[in-house]
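Chains as they are written, first to last, in my numbering: chain A, 1 to 473; chain Z, 1001 to 1141.
Since the hints were made in silico from the structure, they are not lab data.
Hints may be right or wrong, so weigh each one.
Derived lysine-lysine pairs resembling DSBU-like cross-links, with alpha carbons at most 30 angstroms apart [stated by the list, open to error]:
#1 37/A x 1004/Z
#2 135/A x 1046/Z
#3 114/A x 135/A
#4 142/A x 114/A
#5 328/A x 363/A
#6 328/A x 15/A
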Amino acid sequence: MELRQVTDLIWEIPKQGEMKVPATIYASSGLLQSVKKDLTLQQARNVACLPGIQRMSYVMPDGHQGYGFPIGGVAAFDMEEGIISPGGVGYDINCGVRLLRTDFMEQDIISRRKELLVEIFKEVPAGVGKGGITKLSRGVLKDILTRGAEWAVENGYGTGEDLLMTEEGGRMLDADPAHISERALERGLPQLGTLGAGNHFLEIQKVSHIYDRDLARVFGLSEVGQIAVMIHCGSRGLGHQVATDYIELMENKLGTKGLPDRELINAPVLSELGRQYYRSMCAAVNYAFANRQLIAHWVRDVFAKVMGSDRGMRQIYDVCHNVAKFEKHVINGEPREVCVHRKGATRSFGPGRPEIPEAYRAKGQPVLIPGSMGTASYLLVGTEEAEELSFSSTAHGAGRVMSRHEALRRFRGEQIRDELLKKGIELQSTSWKGVAEEASGAYKDVDEVVRVSHEVGLGCMVARVVPVGVMKG
Amino acid sequence: MSEKFRFLEHTADAKFQAYGRTLEEAFANAALATVSLMWEPDEVEKTLAHEVSVQGRDLEQLLARFLSEAIYLVETRSFLLASVNELTIERAGEGFQLRAVFQGDDRPGRYSLSGHVKAVTYNEMRIDQGCPVTVQVVVDV
Chain A
1 MELRQVTDLI
11 WEIPKQGEMK
21 VPATIYASSG
31 LLQSVKKDLT
41 LQQARNVACL
51 PGIQRMSYVM
61 PDGHQGYGFP
71 IGGVAAFDME
81 EGIISPGGVG
91 YDINCGVRLL
101 RTDFMEQDII
111 SRRKELLVEI
121 FKEVPAGVGK
131 GGITKLSRGV
141 LKDILTRGAE
151 WAVENGYGTG
161 EDLLMTEEGG
171 RMLDADPAHI
181 SERALERGLP
191 QLGTLGAGNH
201 FLEIQKVSHI
211 YDRDLARVFG
221 LSEVGQIAVM
231 IHCGSRGLGH
241 QVATDYIELM
251 ENKLGTKGLP
261 DRELINAPVL
271 SELGRQYYRS
281 MCAAVNYAFA
291 NRQLIAHWVR
301 DVFAKVMGSD
311 RGMRQIYDVC
321 HNVAKFEKHV
331 INGEPREVCV
341 HRKGATRSFG
351 PGRPEIPEAY
361 RAKGQPVLIP
371 GSMGTASYLL
381 VGTEEAEELS
391 FSSTAHGAGR
401 VMSRHEALRR
411 FRGEQIRDEL
421 LKKGIELQST
431 SWKGVAEEAS
441 GAYKDVDEVV
451 RVSHEVGLGC
461 MVARVVPVGV
471 MKG
Chain Z
1001 MSEKFRFLEH
1011 TADAKFQAYG
1021 RTLEEAFANA
1031 ALATVSLMWE
1041 PDEVEKTLAH
1051 EVSVQGRDLE
1061 QLLARFLSEA
1071 IYLVETRSFL
1081 LASVNELTIE
1091 RAGEGFQLRA
1101 VFQGDDRPGR
1111 YSLSGHVKAV
1121 TYNEMRIDQG
1131 CPVTVQVVVD
1141 V
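Extracted from the complex, chain Z is given alone in its bound form (with noise of 0.2 angstroms):
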């Protein structure tokens, strides 16, 4: 998979698709295009791990709190997201549970930063779990 995520257009927020070959593959590049608007994941040194759980009662909702995830970490543990890992999404009840772990660097001062992601929004929310998987999500920023 050569692009793991596309910003759109939208005037007031930000706009994105992530593509993956599978489910997990198109939510672990949304998390990335989630933090890509405030740092470069690519540019963070991977010097600690979050394991994160979550769990939705359906798949949007499961992206929704995973996506907040990586905002709730830079907010309350000034920790920036390199890369995720080990993402697994598992039936659970009537609804869905998210596994993964979070690779990234808590020293803000090294790195260039910008903007700011307020909240994961439902609005033009879609999964598509055709080929590859694509997920659209708009944050308010």
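Just chain A, with the same shape it has in the complex (with noise of 0.2 angstroms):
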């Protein structure tokens, strides 16, 4: 396949064959020999053919191979002769990422840690076919879809201002569970406020590097060593299912003819079966922003416990890494609403747009890119540029470059442990196996993701933080 060099950082599929537009891809030479090894270039190309794209199909820095759709796939199509995809969000609607910053220092809580993780794996349950503790009825669950993190708020856990600082302040109003399945019900109504297990994690940091001081200070963090929780999670198996059940509706309805994967599946924008995903999939990204205003109320409430206070722990922001969404973008010089599908890619707004909240609306909004188990994890800011760069996209973590198999063949999760110990980063698991599997060495160098958004332009580097606990389903 050719591909063409543009500068450093960017790298070209020219629009060749069926492909309607080019593909892009953001990477460093060092991240792009990973990317070539396996399927994701001819996955971006195979995105580039799909009906009503505009523009490009763009692959951000940490892209590897997804199915149907590559990970770290950006692509937005036209809202009437365009498509909206279950494969271009994913199975985990609305995994993402809440980012919590406190007054505490890391003196404050260092010989606490191990009692404060304790304290959290009793509240928050993690891991493989464990339940959550809230009772729900399916009555209780339709008002969760519909209405989100303000359902939680609402209900005792946590603030108003949790909502402001939550992307689409928690909430997507398209939302309509009438089209989720029976089946992705039952699979919700026991996960509410769980964990799950994989790559998702809840971690107790300290901010290791400020790089710019004056944006750190707008988004809450002033110094080295201060103390930030985040939270990796998404919906569960009520999004898993509601992505399974609607690639199957579409497949019997409209045929796999033609399609050189199977999960590229799709149907238009504005069609019966697209609007039917369309606010399936809202509601499932509800269930996520509640699943995870759930998790941090009972952080807060294991630091009061625990530490006497939560003092301060206030929400940076929250974002969705796997989402489609309409949104206004100037395309030909001008505004026009699209169906951005970002998968395994995070929302990168620059200054001014009104989506942002007002607090942080002259500077641009918040990006939260978690690293892998154990290693650093990145708070940026959007830029103006990435309006015309990505829709205003960039990375979303890691990215693996190691299978699991391969990671449980090379690592074992004790030895992870006592070697994260030697670090000053406490681990508790329900499983080393588990632990093994996400070694940080089966993943790409966020450190270098990051650095490619930065230089580039996707998102600019604000501050680094790194672990000092971290809790893993």
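These two chains come separately, so use the hints to put the complex back together.
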């Protein structure tokens, strides 16, 4: 496949064959080497062939092979002629990240961090097959699907300020649970307020670097050593089932002929099935917002109990990593509404966008990029250039470079725990095998991913945080 | 058949091939491969049974829906699959009908669990009815 170097960090697959637009990959030459090892480029090209795609098929710096669309894939489609695709969002709808800041400093909590983790483990169920502690009725679940984190706050889990500091205010207004299957509801009922397993985690972190002092202060971080909490999880089995259901419904209705990959199945944005998927996806997004809202509330409770106070534990922001949205973007000089798919990518709006909370609007949207277990995570800020470069999107994490099986062959969970402890990081997990699978050696270097984002201008570095305590499902 | 399934390299997700003398046996082994990402099926006691019945418009959809049953049962019934019995696949109208009996245990606290299979995907899915019958699946983890 022809790959043209545009700059040292920008690569392009020129329009060829059935491609309607070119594909652009943001990567350093090091990151590009790992991208070339799997099907990422082929998948970016397949996306460029879909009806109504606008401008480019993009791959973010942490891109890697997905199913249908690549992970780290961003694509926007025309509302009239374009499509919406469950495979362009992913199975874990609104897998995302929430970052809470505190006024604690490292020395305040370092001797208590194990106790904090043990208590958080008691409050927040984690691991496969672990049900939530909230007993829900179907009626309440539908209310949560409709109102997202708003439901949680109204029921005493958190504050109105949390909602302000959440993408979409914690609620996508187009959500409608009417076309969500019984099976998806069944999977959602026992799992609200659970962390799950796999790559999901909860970390107590400390600020290790501040790159932009003014912006960091606006977002609530003022000095190195300051303690923060990061929550990384999604819509659990409910979201996975919505994706599975709509891939199947679209296949049954539209067939799979002519698709290079069955997971590229899609429906016109404004068709009945397209609308039903979109509204169901919004409902799953809301479930995930409510999920992270409950978990954040319990973390505050634990800090209050163990430390005597949660000491200013305010939410910096909460972002979606897997989502499709109708957004206004400038295309060929004209502002137009398009259906933007971000699959393993973070929205990265620059200053002035009305979607950004008022307190941040003049500066840009906070962007949260978690690293792999036990490595650094980043707080960035969205940029004006990202509009032109990537429909206002950037990376979402480190991205794997090694399969879970290879990781199991190379690493042992207990050994990783000991190594992390030497670095001052306390680890609690339900499974040593799970720890080995998520070893940081199996991931790309998040520092490199973020550097590319910063240098290209997709999202700029504000602060870097490192864990002092990790909870893994 | 000595080897029931084998995992292949896949960067982000889990990819396996399951084998059988028959399509039915390969499907059953694919279910064991799927749950082996979360627990060891051989270690799970057979204390109860679930009857499974799924339809598919083609064999790929039948396989995806069948494997999804095992994920659904652990999430909604805390049921851990130990073995697949009496699996039959028949033509039904334009598509296929599968029936099977899952045996296993609904006391997850007794076993060592890890990871999570989120969904069965069609990505790189292959059903090769050669000798042995081989099915290849990528699951989202």
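Evaluation of the provided hints:
1. 37/A x 1004/Z: Roughly 28 angstroms between the alpha carbons, so the hint for residue 37/A and residue 1004/Z holds.
2. 135/A x 1046/Z: Status holds; Cα separation ~28 angstroms.
3. 114/A x 135/A: Roughly 29 angstroms between the alpha carbons, so the hint for residue 114/A and residue 135/A holds.
4. 142/A x 114/A: violated (37 angstroms)
5. 328/A x 363/A: holds (19 angstroms)
6. 328/A x 15/A: Given that 30 angstroms is the threshold and the Cα spacing comes to 25 angstroms, the pair holds.
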